[in-house]
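Just so you know, the protein sequences line up as chains R, F and A, in that order. Numbers given in this note's numbering equal positions in the first sequence, counted from 1, plus 1193. Numbers given in this note's numbering equal positions in the second sequence, counted from 1, plus 1. Numbers given in this note's numbering equal positions in the third sequence, counted from 1, plus 11.
In case anyone wonders, no lab produced these hints; they're calculated from the structure. You may find that some hints are simply not true.
[What the hints assert, rightly or not] Below, computed lysine to aspartate or glutamate pairings styled on EDC-like, alpha-carbon distance capped at 16 Å:
{"no.": "1", "chain 1": "F", "residue 1": "K66", "chain 2": "A", "residue 2": "E103"}
{"no.": "2", "chain 1": "A", "residue 1": "K251", "chain 2": "A", "residue 2": "D212"}
{"no.": "3", "chain 1": "R", "residue 1": "K1586", "chain 2": "A", "residue 2": "E103"}
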Amino acid sequence: MSLRILTENIDIPELTSFEVYRKLGGYRSVEKSLKTMSPSGVMEEVKKSTLRGRGGAGFPTGMKWSFLARGIGKPHYLICNADESEPGTFKDRYLMERNPHLLIDGMITSAFALEANTAYIYVRGELFRVLRILEKAIGEAYANGFLGKNILGSGYSLDIFCHPGAGAYICGEETALIESVEGKRGNPRIKPPFPAIAGLWDCPTVVNNVETLASVPWIINNGGEEYAKIGVWKSTGTKLMSACGHISKPGVYEVKMGLPVEEFIYSEEYCGGIRKGNKLKAVIAGGSSVPILPADLILKTAAGEPRLITYESLSEGGFETGTMLGSGGFIVMDNTTCIVKNLWNFTRFYRHESCGQCSPCREGTGWMEKVLYGIENGEGKMPDIDLLEDVAKNIEGHTICPLGDAAAWPVRSAIRHFRSEFEEHVKLKKCPF
Amino acid sequence: METDQHKQIPFNDETLAMVNRIIGRYPEGRQKSALIPLLHIAQAEAGGWLSPETMDYVASLLKIKPIEVYEVATFYTMFNLKPVGNCTIEVCRTGPCWLNGAEEIVSHLEKKLHIRVGETTSDGKFTLKTVECLAACGNAPVIQVGTAYHENMTTESVDLLLDEWREETSPSYQNPYK
Amino acid sequence: MSLLKVTIDNLDVEVEPGTTILNAARKIGGRVVPPAMCYYSGLKGTGGKCRTCLVKVSKSSATDPRPMPKLVPSCSTIVQDGMIVQNITSPEVLEARKHIVEILLINHPLDCPICDQAGECDLQNLSYKHGLADTRYEFERRTFEKIDIGRFIQLHMTRCILCYRCVYLADQLTDKRVHGVLFRGDNSEISTFIENVVENDFSGNVIDVCPVGALTDKTFRFKSRVWFTKPYDAHRNCEKCEGKAVLWMSGTDVLRVTGRKNEFGEVEDFICNECRFEKKNTDDWILEGPRNISHSSVISQNLYELINEPPKEPPFNKKD
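Starting from the given sequences, assemble the full structure and let the hints guide the process.
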């Protein structure tokens, strides 16, 4: 039986209510941290846990917190990034819909560690339904003395507010998100300065993903060292994987770091194998931005080792033969899938979501989309494949924010692993699927 | 239809109280932060879209320049800059939904409604939009109407929903804070 | 405060803490200065967007000898003591720049023969110096209708490279900005959204800060190619601005008035609309003498030097 840290009671109806969540042991971490620990003590536990950011970048959370500029006479802010928009990713929505108090629980503890008295949850605009669930839960937390002034008589005060987005993938990038909270276009900022120094309204700010913050209560309740015992290497704890595409059982699964990918795809406990008995063709393992891998390389590394769900194992082999854990958006494609058409679809997404601020991304994503559309629709020429790769290469690493990389990686990896399929489109002057 | 567009602009006292509550979530002098929440409210109150007049009104509520509102309203895809039908159907068109038949759903809707994506039916009943990933990939394909998600769509289930929506008189854009 | 030592393309320079790589390079001058299409020193917040000024930091500082992992925008990267930067000595930088130029041009109409900006266009200069002779882009280019924003200014969005300078200018020189960047991605455009006029005492400066021919002076429209005019420094007593300008003359006719641009193409004293648009007689002005035109003008045509591979013999001399 797998370990459940985030989804322990998730199937219990009424978990969204304060009473039920509390009765099941909720908000203990708030009591423990506010009454018995110091902010730096909480931060130390999170450092010990080696929890890494679950939004996609995988940066160590405790270290991120330690960068916060303290004592410069400005208020600190914590922002929860609930702008879940990475194609293939729907774990945060699942968690917030079913267990909103877990997030609030984690946010109070985290904000205490950061000495922040105001926190915002940036919820993508499409999820107003979830925003209302969160606002109701926040209201209950206030009513029960877990938010507001002098929480549990500790002297610590915190307000949490929800802030909606309005349809912009780029606002998942933390500085674009901050701009959006400030009521502006979601244009990522040029860094440095990083938000930890000058973030929201120029104040020290930490932005953390929903799943990251929701992992904090368990860490505080059980200790960072206990958390660090779960998993393998520097991938500790559990990860929410949202599995979709051509599998028998799409859904959100909490897995212990280190689970073999093969088991995740084929076991009845998780994805239940490929739908309709079809064959596995390719997987995008961590949301649409990460490199696509063909079946053989997602199941085993180039060295023949079983591929595991960890930051390290999935990136084994670099981009030549590996990929990334990313956000855990696990998109499975069977042998009926056209890689070119799928790539065109994702490239259209990145073109649509580019903020347009810096030239390589603004112009390059559109260019790639047009070339891919041509190839898919029988108008491609052989040199288009190299051109496409070259345009991607020249976007990668040259943009203000990672959206440029996110648009380039899928293109480069699809050509790397499925070049013959592109060539076939050109030769046949149509899509072979 | 035209007369309905600005039915709740300017906002009534109840909505204004809500607006002030939202502005109060941000520090003094940072009221511009309330822009996106206010545009959501204004869009719903004004019949599902943001006319320049509606946006100017929002600018006046927040004491910012109208161009600051236009810049934001044109950036975020949930804001409609032209009138929409009573029911706006938003179909996810991104990867996982596409792998599971979103394309078919879109062309089915186009055929059924006799409009193309981005258009509104001549009776003002429906607008058809495609949107990017709605974070519901496990239940693809997905359609959003107002704040409701409709998952695991097939052409048959879309037909059933269409019948429902056709009977529906209240617009799909409702003040999301109410 | 002690000065910081920076090395750019093998040339050393000492600068104040807080200086950007670009401004350190400008202090050296000459070929090692990265091109900048969106940064404008007089306008706060500009820079970082066009990516033409990307450079390689091969040593981060005296205390941290590691190279920076990616190319960095020189306009918005602050120097550290002991930093070593490569601009035109880095094949990687020149290769990236070549592609940035290509990218900037894929949706540009290349209508230089009918563009008033030709001859003093930053994009034209950039393309000659760093670009490719050919484009690999085979699709239709983005086009827009020309619109008048006010009595004197025409906005031809088709030519715009979205540097945002005119938006920052309107924010910082006036309190009534009515234009901005609307929509997003490759649909972004500079616009007033509703029909509106950009009308205030300093609005004409958007023309001077525009690196391309997207914002042009209607009073000069199609009057003359810029290289057929003779520029003179001139000044007048003006209540609104410093009154320091350049008159672009043909015989004794003043065809156009602009601010004075320095060697990096930047105006230091912004002029008012009265000086720019309404003082078109030599009698309005006190002439100081012919203006020495900087490198970035087709008046110095045929002097372009293609820099698409590192020069053979570094280090170079200053100002070469």
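Right, here's what the structure says about each hint:
Only pairs whose Cα atoms come within 16 Å are accepted, and F:K66 paired with A:E103 is rejected, the gap being roughly 43 Å. Distance check on the hinted pair: A:K251 and A:D212 sit about 8 Å apart at the alpha-carbon level, within 16 Å; holds. With a C-alpha separation of about 12 Å, the suggested pairing of R:K1586 with A:E103 holds against the 16 Å cut-off.
When held up to the earlier numbered hints, the structure conflicts with hint 1 and nothing else.
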